[in-house]
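K.L.:
Let the hints inform the model, and build the full structure from the sequences given.
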Amino acid sequence: MHYVVLERLSQRDSVLHRRDARAKIVATLSLLVALAFLPNSAWLQFGSMALLLMAATSMADLPVRILALRILVVLPFSGLAALASWLAGDPARGVAILVKSCLSVYLVILLVATTRMPELLQALKQLGVPDAMVLGLQFVYRYLFVISEQAQHMVFAARSRMGWQEGPSVRLKPHSLGLRTAAGLVAVLFLRSYERSDRVFQAMLARGFRPGQLVAKPSKLAAPDILFSGSAVSFAALLVAAAKFGV
Amino acid sequence: MHVPDGILAPPVWMGLATASAFALGYVGRRLRQQTWQQNIPLMGVMGAFVFAAQMVNFPILPGTSSHLLGSALLTLTLGQPLASMAMTAVLTLQAFIFQDGGVLALGANVFNMAVMGTLVAQWAGRAFGLYKKTWGAVAAGWFSVTIAGALAVAELLASGIRLPSWSVWLALGALALTGIVEGLLTAAILALLERSGLRKLETPIGRQSRIVAVTALLSVVALTAGALIASADPDILETALVKTGLDKLATTLLQSPFGDYQAPIAGPSWLRQVLAGALGIALIVGAALLLARFYTSRKKLPPRCTTSS
Chain A
2 MHYVVLERLS QRDSVLHRRD ARAKIVATLS LLVALAFLPN SAWLQFGSMA LLLMAATSMA
62 DLPVRILALR ILVVLPFSGL AALASWLAGD PARGVAILVK SCLSVYLVIL LVATTRMPEL
122 LQALKQLGVP DAMVLGLQFV YRYLFVISEQ AQHMVFAARS RMGWQEGPSV RLKPHSLGLR
182 TAAGLVAVLF LRSYERSDRV FQAMLARGFR PGQLVAKPSK LAAPDILFSG SAVSFAALLV
242 AAAKFGV
Chain B
37 MHVPDGILAP PVWMGLATAS AFALGYVGRR LRQQTWQQNI PLMGVMGAFV FAAQMVNFPI
97 LPGTSSHLLG SALLTLTLGQ PLASMAMTAV LTLQAFIFQD GGVLALGANV FNMAVMGTLV
157 AQWAGRAFGL YKKTWGAVAA GWFSVTIAGA LAVAELLASG IRLPSWSVWL ALGALALTGI
217 VEGLLTAAIL ALLERSGLRK LETPIGRQSR IVAVTALLSV VALTAGALIA SADPDILETA
277 LVKTGLDKLA TTLLQSPFGD YQAPIAGPSW LRQVLAGALG IALIVGAALL LARFYTSRKK
337 LPPRCTTSS
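Going line by line, the protein sequences match chains A and B.
For the first sequence, the numbering used here assigns the number 2 to the initial residue and increments by one for each residue that follows.
For the second sequence, the numbering used here assigns the number 37 to the initial residue and increments by one for each residue that follows.
The hints are simulated quantities; they were obtained by calculation from the structure and are not laboratory data.
Beta carbons: idealized from backbone N, C-alpha and C, even for Gly.
Among these hints, one or two may not hold up.
[Stated by the list, open to error] Reference listing, derived: stretches of chain A covered by chain B, where coverage requires no fewer than 3 residues with Cβ under 8 Å from a Cβ of chain B: (1) 84–91; (2) 130–144.
[Said to hold, decoys possible] In silico contact screen, one side only, chain B against chain A (beta carbon under 7 Å); selected entries: (3) Gln74; (4) Pro77; (5) Met91; (6) Val139; (7) Val256.
P.N.:
Spelled out as structure tokens, the structure:
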């Protein structure tokens, strides 16, 4: 599955991978906020942000092609919004929407591609996100793959039962699911997930579950982490200040 | 419908993030009164289910396919509080892992889909008959999708993005169509679930009266329409305000305590704006915290349950 790619990238090792997850979250958020506050015509600021992110990509030794493809996922929404804005006679804002949303997604991709999921969740917890929410996120992430795989198996089974249909091209094309089949499939998936959650809870109790347990150990901030987030925050502040004073 | 970063104006995403945080805090308190430990695996696994269900595509019109969005189904089966938490977890993971929706815009997306989407589904399910009745499920699905999408469009417009009016109508029409598919699918799934005899799915809609549900639903629809009209064309709002004499009230309310968002201190104007903005956010957060404290102090929390029933 396509999102496993980022997960695999986060297992690598580099200067950025080794930074504490909290430092990376703070850095990402401050740069995102700076982007949000930049005016639409701040080309110099957009350019320096892009350069910084490219430098970070090469520092983290991430594959450029995969990241570029991932950035394109914003296009369905931002592209339409930009196009509509352009058609309404505001082309400058249309371009700014595209640039800002691509840079924002790039930032988030860098965060996720350099941070392992347990560390990210632990950092959210340490940053004050409530236990119940962090645990919920952890559960969704853990069972995401299990249940998605189950769904794929069910779709595959439904298709094989329905047989194959002559497509418009020479190649044989599988029947697509109808609404009724899809509803039945989702209903069965619902029941299976519901029952699974019951079994999971029983298993958790049997193993002595206490709320507040997370997989990763609480991390400690080291000097390089503080330096890293500090410089990111000051860079963000510098960008906004420069735009305010008309540079 | 997942709004990415870089589109919404800062006041819009900040305000909606505050609103969502407050709503979720309240929901969390309500959940904690029940056996919340059991709810965590349920919320997590059902959140994962929403992800998986969104992978089941089926064609609606030639060339286009659709999938379940899930807010309404979760609301009618798990109840609004749990559905709201599960959808929030789904949206958060989508923002981080799939880059589907922005991180700063997460508050707005949570507000549209996890807060309003589930609330509206609950009210519609109640107003159009209980979830056992097909119409309640169809209405819940339709309203949850349409209102959430219309709110997203209103947020774009409120952020100062100019959209041609035909594109707004096109978006609303597409949303209404998606809503019909969502409603039909939700109804079909619920009918199948009921036939399966899952006993735990007892009226999670609650004991709320039908009049309250209808009123709430109507006011949300009116507010959404009002937000769309006001943000598409501020002049309409202005003339309406002047006609009713509300404009003077609004001016006085807005100008105090910080007229034109400027804190009463000396310094360059941008600094004053930043300070006033920060103070405003602090005030909002403080008010939200106070309200949350009020809610928690009013009801005594029962001891946490550690066994499943």
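K.L.:
Hint numbers the structure violates, sorted upward?
P.N.:
7
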